[in-house]
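Q: The primary structure of each chain is shown beneath.
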Amino acid sequence: MTGSEALGGNTRGPTRPRWSRRLHVRFLAIVSITFLIITLPSAWLLFSYIRHADNASLTARVGNLAARAAIAIDRHQAYAKPTLARDLLAPLASDRAFLCAELRNDGSVASAIPAAQGCVSGQSGHYVDIPIDDQGDWTLRIGFTDKELAEALGLEVMLGVSGILVAFLAAVLAGGVSYRFLIWRPLNRLSDTILRSARSGKRETVQWGSRDEIGLVVDAYNSLVTTETERERQIRQSYQRLQTSESALAALNQELELRVQDRTSELETAMRQADLANQSKTQFLWSMSHELRTPLNAIIGFSEIMSRQLFGKIEPGRYKEFADDILYSGQHLLKLINDLLDIARIEVGRESLVEAPTDIASLVAETLRVIRPLAEEGGVQLDSAIADDGLTLLLDTTKMQQILINLLSNAVKNTSSGGDVRIDVRIDPDARVAFRISDTGAGIPADQLSQVLEPFGRAEGPTTHIHKGTGLGLPLARRMTELHGGELVLDSEFGVGTCVTVFLPAARVLANSGWLPAQPSYASP
Amino acid sequence: MKSIWAVLLFAVALGFAAPSADAESNLSLDDQAALQAAMQRHIDRVLVDGAVLYIDRESGEARQLHPVTAHPMILAYGEHFVLCFDFRDEDGKNVPIDYYMARQDRSYVVFHTAVADRTLLKELMGSGRVTRLK
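Chains as they are written, first to last, in our numbering: chain A, 11 to 535; chain B, 10 to 143.
Hint data in this document are derived by calculation from the structure and do not stem from the laboratory. Any given hint could turn out to be false.
If you anchor each label on the Cβ, the simulated ranges turn out as follows [stated by the list, open to error]:
#1 Arg32(A) x Ser136(B): 53 to 59 angstroms
#2 Ser67(A) x His121(B): 21 to 27 angstroms
#3 Val57(B) x Val130(A): 36 to 42 angstroms
#4 Ser134(A) x Ala71(B): 47 to 53 angstroms
#5 Thr140(B) x Arg36(A): 39 to 45 angstroms
#6 Arg32(A) x Ser37(B): 49 to 55 angstroms
#7 Val187(A) x Val77(B): 51 to 57 angstroms
#8 Arg106(A) x Lys102(B): 29 to 35 angstroms
#9 Arg106(A) x Ser136(B): 37 to 43 angstroms
#10 Ser42(A) x Val77(B): 44 to 50 angstroms
#11 Ser67(A) x Gly69(B): 36 to 42 angstroms
#12 Val57(B) x Ala63(A): 55 to 61 angstroms
Residues from chain A shown here face chain B by an in silico Cβ test under 10 angstroms; the list is partial [said to hold, decoys possible]:
#13 Ala63
#14 Ala77
#15 His136
Built from N, CA and C at the ideal position, the CB exists for glycine as well.
The shape of chain A in the complex, shown without the other chains (with noise of 0.2 angstroms):
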């Protein structure tokens, strides 16, 4: 195990590897199991060849001398002579192999050497017997051994086995020396080096002279050090380039937030300053309507009186008719003035409401009468969906009664002759009680929906020229109804009809027997 797998991360250093994983052992392990393998059976081989060889050679030799022998004993007809016979075999005891010889007759020994003596029965080696004579009477026994041969065997054996020993110590020595300058050295160095890295978090290089395998491992470390300690650079320099970029974005939020808070406390203060203006304004209003308002009353009065001539006949005849305009003016202002009173008083919180409650049949029916004569001067046919009874609500009953009546005369005044006004009280799905107002007049232009709801917001249509209201009765009825906790939606198709209605809170109705919830069949929000 290298130093840089012993590290994982972990910077205390390489655990020690078991001794049979460590590099050096297994590289002698190579070297020791490679030679072996190549020496040891040429050894084998070489001593086997040897000992075949020794023994082709003994045997030759031996059969060749005693065949001689053999001819020698024939040639010489020395059967009877024993003396011929042991000088014939004489030559061969100056074999080292040689044991003894015997020249038998018919299993009977006639000469022998040793003298006297011939092969001891039992003696250890090899014999071989040799017909003599063509009839085969006589043969000469000769033993031998090969003794000598296995003793030389030996120590050939033994030499041989020290030579390969010291040829075996001599490979592991270079193997281990060759290991340790070769591989441990320069890997230790690279390990330590490795290791000093990663203790110090500093790259360092590792010099290495050698242009070996392993001097280009070096080189490749020491390129990889050289790359990362660049890129490091890179990220240092980079991340000091985004630093200063955080502390600029820091200080520009900081200034931004400083900016946005300069522009809240400044639209506050406009704000203030314009709730201010507007409740001066409104104020003002309130204060120029009440003061209006007396004078007013004078003039409608007095011109009331001149109008039906109480004090007698008025002549000639057109100053009547210049009382009635002075009438109605004056009625026109004051319901002008009383509607943006109502505004006023609404916007700066002084209205309240007086709460009681309401038969909602009774409001309803009570209201068309009001509106009724409109109706029928403008030839339009007024119809209502109203129960006759059960529905009970806790409302300000004349506020809610003006919302109705600036409602349906606004419906009357814009629905043209023959047209239909229609009004119905509903408790839709949500349990709130929905006083919806529909006529079949003009309509309004999708685009003056928003327009309509403001104070002196007309809608510019047909009918607009012949009716003019004071552009109050529908922004102070939406008033009203929020003010009840309501809420009025207008829904208008240009040329088919308007629809207004008033949702109030299901928590204002006290009484509800027999009403149903209806199905919503007009613009709910």
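Given the coordinates of chain A, work out where chain B should sit on it, guided by the hints.
A: Chain B in isolation, oriented as in the chain A frame:
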């Protein structure tokens, strides 16, 4: 890693097994010596004035070959054996003679002789019928 060790150990065992099998002999030293003696005896019987006579196919003349030394190597030829003896002609040139020998009772006899002709022996060795003694 274990497989590498197994392969190496197998190779070592194979290295020991191969020569040991080759070195095993099926012919005793007694028989080998008897074969050599029988060949020597056969040569001695056919000697004419101390030389073996043979007919030279090229010249058509009977030529003399003087025995010099026996080859120690013995080859197996099925149940039979092949031995060789070096002779020397009148020109001093070595001439080998191969003796094909068979066992007869307790001795051996020559049943074929190839004088200065190794063609047959090479063919028999090439076909695997003649091998070294095991």
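Q: Does each hint fit the structure? Answer for all of them.
A: Going down the list of hints, with the structure as the test:
1. Arg32(A) x Ser136(B): 53 to 59 angstroms: Given about 55 angstroms between the Cβ atoms, the range holds.
2. Ser67(A) x His121(B): 21 to 27 angstroms: holds, 25 angstroms
3. Val57(B) x Val130(A): 36 to 42 angstroms: holds, 41 angstroms
4. Ser134(A) x Ala71(B): 47 to 53 angstroms: holds, 48 angstroms
5. Thr140(B) x Arg36(A): 39 to 45 angstroms: holds, 43 angstroms
6. Arg32(A) x Ser37(B): 49 to 55 angstroms: holds, 53 angstroms
7. Val187(A) x Val77(B): 51 to 57 angstroms: holds, 54 angstroms
8. Arg106(A) x Lys102(B): 29 to 35 angstroms: holds, 33 angstroms
9. Arg106(A) x Ser136(B): 37 to 43 angstroms: holds, 40 angstroms
10. Ser42(A) x Val77(B): 44 to 50 angstroms: The hinted range 44 to 50 angstroms holds for Ser42(A) and Val77(B), with Cβ atoms some 49 angstroms apart.
11. Ser67(A) x Gly69(B): 36 to 42 angstroms: holds, 38 angstroms
12. Val57(B) x Ala63(A): 55 to 61 angstroms: violated, 33 angstroms
13. Ala63: Because about 7 angstroms separates Ala63(A) from the closest Cβ in chain B, which is inside the 10 angstroms limit, the hint holds.
14. Ala77: Status holds, d = 3 angstroms.
15. His136: holds, 4 angstroms
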